[in-house]
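**Student:** Sequence:
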Amino acid sequence: MRSKQAFANSRLPSLTGLRFVAAFLVFFFHLSVEKLYDDSTNPVLSKIFNPAGGVGVSFFFILSGFVLAWSAKPNRSAREFWRRRLAKIYPNHLLLWVLTLPLLLWFGERVSAASGIANLALVQTWVPKLDFFFSVNRPSWSLCCELFFYLMFPWLVRLVGRLGRRGTWALVAAAVAGVWLVPVLAELLPSAPGMPLDVSHPEISSGVSESQYWLVYAFPVARCLEFLLGIAVAKLVKSGDWPRVPVLGATVLLAAGYAAAVWAPVLFGLAALTVIPLTLFIPAVAMADLEGRQSVLRSRTMVWLGEVSFAFYLVHQTVLRTGHNLLGHDASWDFWTASLLALFFAAVTLVLAWGVYRWWEMPAMRLLTTRRTRPENMPVDVVPDPRFNAQRPVEMTAEKD
Numbered sequence: 001m002r003s004k005q006a007f008a009n010s011r012l013p014s015l016t017g018l019r020f021v022a023a024f025l026v027f028f029f030h031l032s033v034e035k036l037y038d039d040s041t042n043p044v045l046s047k048i049f050n051p052a053g054g055v056g057v058s059f060f061f062i063l064s065g066f067v068l069a070w071s072a073k074p075n076r077s078a079r080e081f082w083r084r085r086l087a088k089i090y091p092n093h094l095l096l097w098v099l100t101l102p103l104l105l106w107f108g109e110r111v112s113a114a115s116g117i118a119n120l121a122l123v124q125t126w127v128p129k130l131d132f133f134f135s136v137n138r139p140s141w142s143l144c145c146e147l148f149f150y151l152m153f154p155w156l157v158r159l160v161g162r163l164g165r166r167g168t169w170a171l172v173a174a175a176v177a178g179v180w181l182v183p184v185l186a187e188l189l190p191s192a193p194g195m196p197l198d199v200s201h202p203e204i205s206s207g208v209s210e211s212q213y214w215l216v217y218a219f220p221v222a223r224c225l226e227f228l229l230g231i232a233v234a235k236l237v238k239s240g241d242w243p244r245v246p247v248l249g250a251t252v253l254l255a256a257g258y259a260a261a262v263w264a265p266v267l268f269g270l271a272a273l274t275v276i277p278l279t280l281f282i283p284a285v286a287m288a289d290l291e292g293r294q295s296v297l298r299s300r301t302m303v304w305l306g307e308v309s310f311a312f313y314l315v316h317q318t319v320l321r322t323g324h325n326l327l328g329h330d331a332s333w334d335f336w337t338a339s340l341l342a343l344f345f346a347a348v349t350l351v352l353a354w355g356v357y358r359w360w361e362m363p364a365m366r367l368l369t370t371r372r373t374r375p376e377n378m379p380v381d382v383v384p385d386p387r388f389n390a391q392r393p394v395e396m397t398a399e400k401d
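Note that my numbering has the sequence shown beginning at 1, numbered continuously upward.
Hints are computed from structural coordinates only; laboratory data are not their basis. Just so it is clear, CB atoms sit at the ideal spot from N, CA and C, and this is done for glycine as well. A couple of the hints might just be wrong.
[To be verified] Quick list of in silico lysine-lysine cross-link-like pairs, DSS-like style, CA-CA up to 27 Å: (1) Lys73 <-> Lys238; (2) Lys35 <-> Lys47; (3) Lys238 <-> Lys129; (4) Lys129 <-> Lys35.
[As the list claims (entries may be wrong)] Cβ-Cβ distance ranges computed for the label pairs, FRET-style: (5) Ala173 <-> Trp82: 24 to 34 Å; (6) Ala114 <-> Leu189: 33 to 43 Å; (7) Lys73 <-> Arg244: 18 to 28 Å; (8) Leu94 <-> Val184: 43 to 53 Å; (9) Gly108 <-> Thr251: 37 to 47 Å; (10) Ala256 <-> Thr370: 44 to 54 Å; (11) Pro128 <-> Ser299: 34 to 44 Å; (12) Leu151 <-> Ala256: 32 to 42 Å.
Just need the whole structure built from these sequences, with the hints factored in.
**Tutor:** Following this line, the structure appears as structure tokens:
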């Protein structure tokens with residue numbers, strides 16, 4: 001049995017590779033929303049990929065809590081942690097905000113000053129209005145949630161750390177129950193079947209009001225349950241109290257949860273139906289890494305894709321929306337033509353994501369996390385903690401749709 005310290009010092013490359021898979025799921029969801037495919041194909045595509053955005057984001061939120069708790073160091077101050085997390089997410093957000101806003105205005109989309117400023121400040125999802133939490137670069141709504149998670153993390157990880165084995169398991173059960181309770185509570189809110197069709201998420205026009213959708217999908221406090229779940233599961237894996245679940249079995253269960261989400265009521269398909277499968281799947285993959293089992297997710301290609309996945313996630317919808325606008329906003333094509341366009345847009349997104357990662361994200365991280373001044377009473381050898389180097393897979397976190 002490996003020691004707890006050995007566990008804590010282990011890298012988890014497969015989880016990094018999985019980040020790209022989750023980001024690509026979100027890409028497919030937004031591809032169906034763009035309606036590149038004609039009416040003979042897009043309804044089927046929309047049905048299949050309708051839960052993809054929710055599953056991808058839920059994966060990111062649970063994974064974020066898991067990997068941050070996994071690599072947490074008790075001697076790191078909250079201020080230092082917040083500085084490094086902000087350095088991770090904000091430069092990319094700022095770049096995409098600056099690039100996306102002029103494009104939206106050029107193509108005639110309306111962006112209010114209030115929603116644009118709220119988006120820039122990453123406070124947009126605290127406002128239960130579609131034109132706020134899906135403003136400018138729409139995937140950035142999840143960064144607002146992540147920012148809230150980061151603010152809460154020093155207290156949450158301390159709280160979980162004080163719990164014993166039974167208390168931690170009780171917390172896991174409570175967090176899962178909470179994720180299920182949120183759509184139940186949302187069902188009590190009035191629905192609005194007459195919502196407009198020109199929004200980024202088609203389920204809004206299917207008898208779900210923006211307040212219901214906001215509560216389940218975008219409200220940071222509600223989504224923090226998944227982040228807390230990841231923290232608790234990481235503790236149980238570290239302590240050796242998490243059961244060994246085969247990766248194949250967890251994958252099959254996740255596929256079943258996804259299939260159920262395709263046909264379930266919208267509010268339950270966003271997170272509730274896949275929260276248990278994801279809670280089993282993420283530690284199963286992590287434990288496979290700890291045991292040194294071979295996996296395609298650990299390959300250099302998948303790890304590299306995982307490293308650029310944050311940029312891919314933030315870039316992809318701007319590419320899709322801009323490309324579609326250039327070709328004709330209301331245009332659609334047959335299956336093969338639309339598929340070639342989708343492949344082209346995916347390739348463009350990946351190239352741009354690599355450029356953002358290589359020439360913006362990493363330089364910004366180095367600049368913002370390197371100490372440039374040294375107080376007289378500080379030892380000379382104080383340097384940035386290498387575990388917070390974004391190139392290390394264990395530190396890669398979930399910032400996502």
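**Student:** All hints, please: hold or fail.
**Tutor:** Hints, verified against the model:
For the hint pairing Lys73 with Lys238, the CA-to-CA distance comes to about 13 Å; that is within 27 Å, so the pair holds. In summary, the hint linking Lys35 to Lys47 is supported, as the alpha carbons are separated by about 12 Å, within the 27 Å threshold. A distance of roughly 40 Å separates the Cα atoms of Lys238 and Lys129; the hinted pair therefore is violated under the 27 Å criterion. Restraint check for Lys129 and Lys35: satisfied, since their Cα atoms lie roughly 23 Å apart, inside the 27 Å limit.
Look at Ala173 against Trp82: about 30 Å separates their beta carbons, and that is inside 24 to 34 Å. At roughly 24 Å, the beta-carbon separation of Ala114 and Leu189 lies outside the given 33 to 43 Å, and the hint is violated. Evaluation of the 18 to 28 Å hint for Lys73 and Arg244 yields a pass: the beta carbon distance comes to about 27 Å. A hinted range of 43 to 53 Å is violated for the C-beta pair Leu94 and Val184, which are about 37 Å apart.
A hinted range of 37 to 47 Å for the beta carbons of Gly108 and Thr251 is consistent with their spacing of about 44 Å. As the Cβ distance of Ala256 to Thr370 is approximately 46 Å, the hint placing it in 44 to 54 Å holds. Distance hint check: the CB atoms of Pro128 and Ser299 are about 42 Å apart, consistent with the given range 34 to 44 Å. Here the CB-CB span from Leu151 to Ala256 is close to 35 Å, well matched to the stated 32 to 42 Å.
Checked against the numbered hints listed earlier, the structure breaks hints 3, 6 and 8; every other hint is satisfied.
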